[in-house]
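Peer 1: Here are the chains, one letter per residue:
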Amino acid sequence: MAFVTLDGVRHVYGRGGVGLPAVEGLSLSVKEGEFAAVVGPSGCGKSTLMKLATGLQFPAAGTVTVGGEKVSRPVKIAGMAFQAPTLLPWRTTRENLLLPLEIVEPHRSRIRRDKAAYIAKAERLLASVGLAGAGSKFPWELSGGMQQRASLCRALIHEPRLLMLDEPFGALDAFTREELWCVIRDLHAASGITVILVTHDLREAAFLADRIFVMSARPGRIIAERVVDFPRPRDLEVTYTAPFQDVVHELRAHIVRARQAA
Amino acid sequence: MSATLFVRLAPWIFTIALLVLWEAAVRVLAIPVFFLPPPTVVAGAFVEFWPAIWKNSLWTLYTTVVGFLLAIGFGLALGLAVGWSRFVYAGIYPILIGFNAVPKVAVVPILVLWFGIGTVPAVITAFLISFFPIVVNVATGLATIEPELEDVLKALGASKLDIMRKVGIPRALPYFFGSLKVAITLAFVGSVISESVASNVGIGNMMLQAQAQFQVPLVFAGLVVLAVEGIAMYAIMAWIERRMTGWAHRSGLAQG
Ligand SMILES: Nc1ncnc2c1ncn2[C@@H]1O[C@H](COP(=O)(O)OP(=O)(O)OP(=O)(O)O)[C@@H](O)[C@H]1O
Ligand SMILES: [Mg+2]
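As they're listed, the protein sequences go chains A and B. What the first sequence shows, in the working numbering, is residues 1 to 262, in sequence order. What the second sequence shows, in the working numbering, is residues 1 to 256, in sequence order.
Simulated from the structure, these hints should not be mistaken for laboratory data. We put the beta carbon where it would ideally sit given N, CA and C, even for glycine. Check each hint, because a few of them may be wrong.
Pairs of lysine to aspartate or glutamate, EDC-like flavour, derived with a Cα cap of 20 Å [unchecked claim]:
1) B:LYS160 <-> A:GLU102
2) A:LYS76 <-> A:GLU102
3) A:LYS76 <-> B:GLU148
4) B:LYS166 <-> A:GLU105
5) A:LYS115 <-> B:GLU150
6) B:LYS160 <-> A:GLU105
7) B:LYS166 <-> A:GLU34
8) B:LYS166 <-> A:GLU95
9) A:LYS76 <-> B:GLU48
10) A:LYS76 <-> B:ASP162
Partial pick of chain A residues on the chain B-facing surface, computed with a CB cut under 8 Å [as the list claims (entries may be wrong)]:
11) LYS137
12) PHE138
13) ASP235
So that you can see chain A by itself, here it is in the shape it has in the complex (with noise of 0.2 Å):
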């Protein structure tokens, strides 16, 4: 069943809808409860995908549809994260990953009276990302990698079905980059969320996703698909053997072609 649809989409940013699209002839279909992963060069229109797919922007032509609906005002059941963590400085960390369910329904009547299970709720979430104990810092007293985990809960909070991201781990180091890449896969394996990330990290996209899409650059469409189905659950040793290598070296021949092209 596919959950998130794009069906030759263009999108141009700026009044009237002259000018070069971001996007143009964008199709691609992700199934429920996949992990999808968008790699393409700099500047193709990865982060317009993710916007057009959360009813952030609208497309000149073609339609966008999730679960179902076609979209003509931001989703609501989607989960977002960035590269930036972007958490409020004048809350604490447990406060920071309830302000979605203060803004989402049916939550956001229920928050006051259920605050006790709310907090006990994202106490959970924290622990599940190794943070127990972290919520009630700010997020200035957590380091980086901490915060983009802190980050990741706010996004799954009000348990959406959709989960983007949109390089999450761009300004990580490595080694907190593969943890945080086991935490993903724990989260989607435990809840079976649709995921949608964008990254420039081919082995990330290699190691998590069930499916990734090549992009071209600008105007960017979609110019290869291709299907990972190494088992789950996944080893970070998988990223050291001789497939995962080879499905990293054909994304990559993919990205330079599309790069040339341009």
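Mind docking chain B with the ligands on chain A? Use the hints.
Peer 2: For chain B with the ligands alone, kept in the frame of chain A given last:
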């Protein structure tokens, strides 16, 4: 003596050194009192004219604070409106800048024409001169929300009001409290200008009269009073700022 204690005492050390230097220079160079009175003579003026100084300084403080409070109310409201809507921003900003460029001393005659001389023009001048930094700072705080955070919230279905309440306003607070330090200092400038031109009370008026009667030590006493009131109000604003938005200093959010 520890180094930190030394730093804590530094303001006093420097102030006393300045006074001593001033006194010594006046005496050594034999500068006439009607040109530059030494601190001891200024202190004498304080003793001699204390009732007048006390009354007028309280009056100036009062007009300044009233004008400043008006500026806070109006500045906050306008800052929120400007930060909220691009339409309001585009429309009002040029007007605000033009308005701010007009020297307020040029406005006082008009105020006198409307309200007569006295307290009202002083309050209004203090208000007019001090609301601008508040507006600009509040609007800046609102306008510099990270676009990614806005996306996160919008994707949850947050309304503009939600985003303002949860992010915009808390974020604008350090800018707002930071601007109060600037605004209170400007408010003193405004009220004293107006008192000098069009009033028969207040420190500005007292200094003008003292000058006309050649009581130069009293003129300097007026300056000292203004400096002390300015420092005191600044310190109060700085204290409030620290109390309300300590997180901004610790997290390194840009200050307005
Ligand atoms: N708000 C905007 N206004 C105008 N043009 C934009 C805007 N956002 C993006 N663009 C343009 O659209 C194109 C696609 O941008 P997008 O951010 O989607 O790229 P990206 O693939 O995410 O890049 P990167 O890998 O560097 O993050 C870029 O060429 C960019 O200049
Ligand atoms: Mg991007």
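Peer 1: Taking the hints in turn, state whether each one holds.
Peer 2: Do the hints match the structure? See the list:
Taken as a hint, the B:LYS160 and A:GLU102 pair is honoured in the structure, with Cα atoms around 14 Å apart against an allowance of 20 Å. For the hint pairing A:LYS76 with A:GLU102, the CA-to-CA distance comes to about 13 Å; that is within 20 Å, so the pair holds. A distance of roughly 16 Å separates the Cα atoms of A:LYS76 and B:GLU148; the hinted pair therefore holds under the 20 Å criterion. Distance hint between B:LYS166 and A:GLU105 is fulfilled; the C-alpha atoms sit about 16 Å from each other, no more than 20 Å.
Under the criterion of a C-alpha separation no larger than 20 Å, the hint pairing A:LYS115 with B:GLU150 is inconsistent with the structure, at around 24 Å. The hinted pair formed by B:LYS160 and A:GLU105 meets the criterion: a straight-line CA distance of about 16 Å does not exceed 20 Å. At roughly 33 Å between alpha-carbon atoms, B:LYS166 and A:GLU34 are farther apart than 20 Å, so this suggested pair is violated. Simply put, B:LYS166 and A:GLU95 have alpha-carbon atoms about 11 Å apart, close enough for the 20 Å limit, and the pair holds.
For the hint pairing A:LYS76 with B:GLU48, the CA-to-CA distance comes to about 73 Å; that exceeds 20 Å, so the pair is violated. Proposed proximity of A:LYS76 and B:ASP162 is supported: the alpha carbons are some 14 Å apart, at most 20 Å. Residue-level restraint check for A:LYS137 is violated (minimum Cβ-Cβ distance to chain B is 12 Å; threshold 8 Å). A least Cβ separation of about 7 Å between A:PHE138 and chain B falls short of the 8 Å threshold, and the interface hint therefore holds.
Because the beta carbon of A:ASP235 sits about 32 Å from the nearest beta carbon in chain B, more than 8 Å, this interface hint is broken.
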